[in-house]
Amino acid sequence: MEFLPTVWFILIAVLWTGYLFLEGFDLGVGMFMKLVARNEQERRLLLNTIGPVWDGNEVWLITAAGATFAAFPLWYASLFSGLYLPMLLVLLALIFRAVSIEYRGKINSSSWRARWDWGLSLGSLFAAFGVGMALAITTTGLPLNANGDRVGGPFSWFSWYAVLGGLAVVGFCLAHAAFFISLKTDGEMRHRARGFALRLLPLLLLPLIGWAVAVQLQSGKPAGLALIVVAVAAAAICWARSRAGREGQAFAAQAIFLLGVTGSIFSNVYPVVLPSTLDPANSLTVGSAAASDYTLGLMSIVACFGVPLVLAYQSWTYWVFRKRLKIESIPEPHSLPAAV
Amino acid sequence: MDPLEIARWQFGITTVYHFWMVPLTIGLGPIVALFNTLWVRTAKEQYLRMTKFWGKLYLINFILGVATGIVQEFQFGMAWSEYSRFVGDVFGAPLAMEALLAFFIESTFLGLWIFGWKRLPARIHLACLWIAVIGSVVSAYFIIVANSWMQHPVGVTMVDGRPQMTDAWAVFTNNTALVAFSHTIVGSLAVGGAFLLGIAWFHLWRRRQTGIDTVDDNGRVVVGEAGGDTGANRDACDYRVWFRSLRIGAWIAVIAFAGVAATGDIQGKLMFEQQPMKMASAEAACHSGTSFSVLSVGDLGSKDCDDVTNIVEIHGLLSFLAHGDFSTEVKGVNDLIPEYESAYGTTIPDDPKYGQRAGTTVDFVPVMEVTYWGFRLMIGFGALAAFAAAVALLITRKGTVPKSKWLMRLAVLGIAAPFIANSAGWIFTEMGRQPFVVAPNPDPSGVDGVFMFTAAAVSPGVSFAEVLVSLIVLTLVYGLLMVVELKLLTRYVRSGVASAMPELVHQPDPDAKKDDDVLAFAY
Numbered sequence: 001m002e003f004l005p006t007v008w009f010i011l012i013a014v015l016w017t018g019y020l021f022l023e024g025f026d027l028g029v030g031m032f033m034k035l036v037a038r039n040e041q042e043r044r045l046l047l048n049t050i051g052p053v054w055d056g057n058e059v060w061l062i063t064a065a066g067a068t069f070a071a072f073p074l075w076y077a078s079l080f081s082g083l084y085l086p087m088l089l090v091l092l093a094l095i096f097r098a099v100s101i102e103y104r105g106k107i108n109s110s111s112w113r114a115r116w117d118w119g120l121s122l123g124s125l126f127a128a129f130g131v132g133m134a135l136a137i138t139t140t141g142l143p144l145n146a147n148g149d150r151v152g153g154p155f156s157w158f159s160w161y162a163v164l165g166g167l168a169v170v171g172f173c174l175a176h177a178a179f180f181i182s183l184k185t186d187g188e189m190r191h192r193a194r195g196f197a198l199r200l201l202p203l204l205l206l207p208l209i210g211w212a213v214a215v216q217l218q219s220g221k222p223a224g225l226a227l228i229v230v231a232v233a234a235a236a237i238c239w240a241r242s243r244a245g246r247e248g249q250a251f252a253a254q255a256i257f258l259l260g261v262t263g264s265i266f267s268n269v270y271p272v273v274l275p276s277t278l279d280p281a282n283s284l285t286v287g288s289a290a291a292s293d294y295t296l297g298l299m300s301i302v303a304c305f306g307v308p309l310v311l312a313y314q315s316w317t318y319w320v321f322r323k324r325l326k327i328e329s330i331p332e333p334h335s336l337p338a339a340v
Numbered sequence: 001m002d003p004l005e006i007a008r009w010q011f012g013i014t015t016v017y018h019f020w021m022v023p024l025t026i027g028l029g030p031i032v033a034l035f036n037t038l039w040v041r042t043a044k045e046q047y048l049r050m051t052k053f054w055g056k057l058y059l060i061n062f063i064l065g066v067a068t069g070i071v072q073e074f075q076f077g078m079a080w081s082e083y084s085r086f087v088g089d090v091f092g093a094p095l096a097m098e099a100l101l102a103f104f105i106e107s108t109f110l111g112l113w114i115f116g117w118k119r120l121p122a123r124i125h126l127a128c129l130w131i132a133v134i135g136s137v138v139s140a141y142f143i144i145v146a147n148s149w150m151q152h153p154v155g156v157t158m159v160d161g162r163p164q165m166t167d168a169w170a171v172f173t174n175n176t177a178l179v180a181f182s183h184t185i186v187g188s189l190a191v192g193g194a195f196l197l198g199i200a201w202f203h204l205w206r207r208r209q210t211g212i213d214t215v216d217d218n219g220r221v222v223v224g225e226a227g228g229d230t231g232a233n234r235d236a237c238d239y240r241v242w243f244r245s246l247r248i249g250a251w252i253a254v255i256a257f258a259g260v261a262a263t264g265d266i267q268g269k270l271m272f273e274q275q276p277m278k279m280a281s282a283e284a285a286c287h288s289g290t291s292f293s294v295l296s297v298g299d300l301g302s303k304d305c306d307d308v309t310n311i312v313e314i315h316g317l318l319s320f321l322a323h324g325d326f327s328t329e330v331k332g333v334n335d336l337i338p339e340y341e342s343a344y345g346t347t348i349p350d351d352p353k354y355g356q357r358a359g360t361t362v363d364f365v366p367v368m369e370v371t372y373w374g375f376r377l378m379i380g381f382g383a384l385a386a387f388a389a390a391v392a393l394l395i396t397r398k399g400t401v402p403k404s405k406w407l408m409r410l411a412v413l414g415i416a417a418p419f420i421a422n423s424a425g426w427i428f429t430e431m432g433r434q435p436f437v438v439a440p441n442p443d444p445s446g447v448d449g450v451f452m453f454t455a456a457a458v459s460p461g462v463s464f465a466e467v468l469v470s471l472i473v474l475t476l477v478y479g480l481l482m483v484v485e486l487k488l489l490t491r492y493v494r495s496g497v498a499s500a501m502p503e504l505v506h507q508p509d510p511d512a513k514k515d516d517d518v519l520a521f522a523y
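In order, the protein sequences belong to chains L and E.
In terms of our numbering, the first sequence has 67 at position 67, counting the first letter as 1, and numbering is strictly consecutive.
In terms of our numbering, the second sequence has 378 at position 378, counting the first letter as 1, and numbering is strictly consecutive.
Since the hints were made in silico from the structure, they are not lab data.
Any given hint might turn out to be false.
What the hints assert, rightly or not - What follows is a list of derived Cβ distance ranges for each label pair: (1) E40(L) - W117(E): 20 to 28 Å; (2) P349(E) - P280(L): 24 to 32 Å; (3) T6(L) - S288(E): 52 to 60 Å; (4) I124(E) - L225(L): 44 to 52 Å; (5) L486(E) - G297(L): 40 to 48 Å; (6) L410(E) - G248(L): 54 to 62 Å.
Stated by the list, open to error - To list a few chain E residues with every Cβ distance to chain L over 10 Å, as calculated: (7) V16; (8) R247; (9) G324; (10) D363; (11) V367; (12) R376; (13) L407.
Predicted model, so just to flag it, every value in this text is computed and none were measured.
Yeah, the Cβ is synthetic: ideal placement off N, Cα and C, and Gly gets one too.
Generate coordinates for the entire structure from the input sequences, incorporating the hints supplied.
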C-alpha cells in the first residue's frame, strides 16, 4: 500500500465531502429560489441565508480539483478531458450562478431580478447535476485506453450511473437546503422548508443511496456496507429530529448521512480512482495516478497547516452569521439614484 | 480538423478575459482597504463614502474574476490533458496551494467584509478586508509561480520522460516568478490608479459643469453644494471624495509605473537569457547585433524575416536592454533558429498519442507580428497611462478639474490604457513562448531537456467538435457578461456615492420600528 497516495486519496474524499456538505445547501437554496419561494421578499430571505458564505463554499470545489491535479495528475487529466462536455456544463452553471447571486440585487427592477433568478436556479441545478455525474463516473468508470484517454466520442462517458449520480447530488442538495433553511430562518419559511424536507426526504435521498449501493455491489467491501447502514440510520434520525422541530440536530444527522454515503463509496472504490470500462488494466489507481512522493510530501505539509486553518476561519464565519433570518431582517431594496 | 488551434484560441480568449478582472481586483483592493483604514482611524465621512463607493465597484468586478477563474483551472485537464500529465508533478502544487492558502481566505473574508458592516467590530471588520486583499495578492503569487514554471522550468529532474519535482524551494523562488509577480502587482496597481483617476475626474467635471464647484480669480476652487433630490451626494463631502480619489489614483498610477518600468527591465534581461527567441522576435531582430529598432516595417511574418526594415534604430540600446551594456551582441532570430533546432529537435515526438501531429515539423519562431506589437503596445500604453496621470496631477493641483469635456473624456478613456498594456503584456509573454507550452531554457539555471511542445499538450481524446462548442459557448457567455458588467459599472459610477450608500438619499422612516437584527447589507 502506498502511504502518501492513500493519504491524498482520503484527503480528496474529504474535500469532495466538504464540498457536498457546504455547497450542497447553497446549491439547493439556489434551486429553491424558483421552487419554494413565493414572492420577492422570500427570495431575498433565501438568498441572504447563503449570502456571506456561498463564495467560500465554492472554493471547496476549486480546492478539490486543484488537489486532484497536484496529487493525482493522471486522474485529473483523464477525468477532466474524458468528461469534457459535462465539465463545460458545470463551468457554465457555476458562472451563471455566481454572477446571478452578485448581480440580481444590483438593479431594482423585477424583470432584471427574474432573469437572474433563473440564472441562479438553473445554474445551481446544472452545477449539482454535473458534479454528481462526474463523481459517479469517477466511481463507475469511463472507456479509457492505455494512455488514459476516453475513446468513443464526445458522449461515450454517458451511462445510467452518470444520470443516477446527477440525480443523487441534486436530490441531496434539495434535502440539505431544506434543513439548512429551516435552521437559518424563522417564520413561515422555516416551517415550509421543514415540511418540504419531511414530505420528500426519502425520495430526495434515494438516488444517493442507490449510487452507494451500486458501488457496493461492484466491490462489496463489508466496511462499505456498514457505512451505508449508518447513512440510512442517520437519514431516519434526521427525519425524526426535524419532525420534532430540532433543526440543529437534524442538520447534524444529515452530515452523518453524507459522511456515511461518501465514506462508503470512496472506501469501496479504493484503490481505483478512475475505472476503465474497456479494460481493467487501463484503470487508474491510487498508485498509478499519483504524483511523486516528494510532491505529495510537500502538499501534505501544506495541507496539515492549511486545512485546519480553513476549517477554523470558515467555522468562525458561520458563527458570526449564526442568527436566524426573517423577512423583517432584510432591509428594503433600493433604486439607484438618478444619474445627473 | 485539428482541435489544437481551437484549444489555443479558447485558452487565449478565456485567459485574457479573466485577466481583465484580475488586475482591477488586485489594484483596487488595497486602495479600498486603505480608504477603509482611513475611515476607521479618522472617522471622517469622506473616507466612509470612498470605501463604500469604490468597494461596490470592486465587488461587481470581483465576482466575474471568480466566475472566470474556475474555467482556467478546469481547462488544463479538459483541453490540455497531455500537458497536465506531463507537468502534473510540479504544476498542480502551486495551483492547489492557491486554492487552499489564498483563494479560501479571499472568498471567506470578503464575505465577512461585505456582510459584516455593523455586525463585526470596526477594526475586525477592517482586518477582514485586509486579509482578503492580501489573499488576492498571495493568490497571484501562486498562479504566477505556476505560469513561470512554464516559462522557466526549475527544481525538477526528468524521470521516465516527465519532470519530477526535486526542489520546491527552487520552484517557489524561481527568479522568473519573483520578477513576473512584482511586475504584475505594480501593473495591477496602475490599473487601479487609472480607474480612480478616470471616474473621479468624471464626477468632478460634472460638478464643474453643473455649476456646483466654481473657480475663483486666483484659480482656486470654490466648493459648492447642490440640494434637491440628489442633495446628499452632491455636497462638499462629495467633492472631497472625488478630489482625494483623483489625487490618490493619479499618484498610485505614476508610482506604479516606476515600478512597472523597473521590474520590466529586470524581466526583459532575464528573458534575453531564458527565452532568447521570444525577445529576438519581440524586437523583430532578425540578425544579431546591438541596435534596438523603435519601429520596423515589412513582412514580420516572413520566416527568414529578410523583408523587415528598421525605420528608427538606436545603436547599442538592444544590448543595453539585454545585458546592461552597449556593445554585447544580442542574437537575432536567424542565428537562433539553428541553435533551437539542434537543441530541441525539429519535429513533434513520434508517439501515437500525438495523433496526426506526431512527426510534424516545428517552427521555432513565434508569430512575430504578435510578439513585436504586443511588446510595443504593453510599453506604449503603460507609459501613456503614467504620462496622463502625471499631467492630471499637474492640472488638478489647484483643487479641481477644468470644464473641458474633452479632457474628461480622455480621463475616462484613459482607464482602458493600463488594461490594454496588461493584456498586451500577457499575450506577448504567452505567445512569445510558442511553439513551446513549457519553454526550454538555455540559461545556466535551467534544467536540461525539460520542455514540451504546445502541439503535444492538447487532449488526445477530445474531439474538434467538443472544443469548438466550448469555444463558441464560452466566448458568447463572456461577451454577454462583459456587456452586463460594463452596464452595471456604468450605472453605479454615474449614480455616484449614493449608489453604494442608499441611506444618503433614501432617508430611513423615523416612525419605522427599530429592529436591531436588520442586516446592514443584504443581497
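So, going through the hints one by one against the coordinates:
1. E40(L) - W117(E): 20 to 28 Å: holds, 23 Å
2. P349(E) - P280(L): 24 to 32 Å: With a Cβ separation near 28 Å, P349(E) and P280(L) satisfy 24 to 32 Å, so the hint holds.
3. T6(L) - S288(E): 52 to 60 Å: holds, 55 Å
4. I124(E) - L225(L): 44 to 52 Å: Distance hint for I124(E), L225(L) holds at roughly 48 Å.
5. L486(E) - G297(L): 40 to 48 Å: Holds, since L486(E) and G297(L) (Cβ atoms, about 47 Å apart) stay within the stated range.
6. L410(E) - G248(L): 54 to 62 Å: Given a distance of about 59 Å, which is inside 54 to 62 Å, the answer is holds.
7. V16: The claim holds: V16(E) sits with its nearest Cβ about 16 Å from chain L, beyond 10 Å.
8. R247: For R247(E), whose nearest Cβ neighbour in chain L is about 23 Å away, the distance exceeds 10 Å, so it holds.
9. G324: Given a closest Cβ separation of 36 Å, the condition holds.
10. D363: holds, 26 Å
11. V367: Correct as stated: the minimum Cβ-Cβ distance to chain L is 26 Å, above 10 Å.
12. R376: About 34 Å separates R376(E) from the closest Cβ of chain L, which puts it past 10 Å; holds.
13. L407: Nearest chain L Cβ is 19 Å from L407(E), so the label holds.
Checked against the numbered hints above, the structure breaks none of them.
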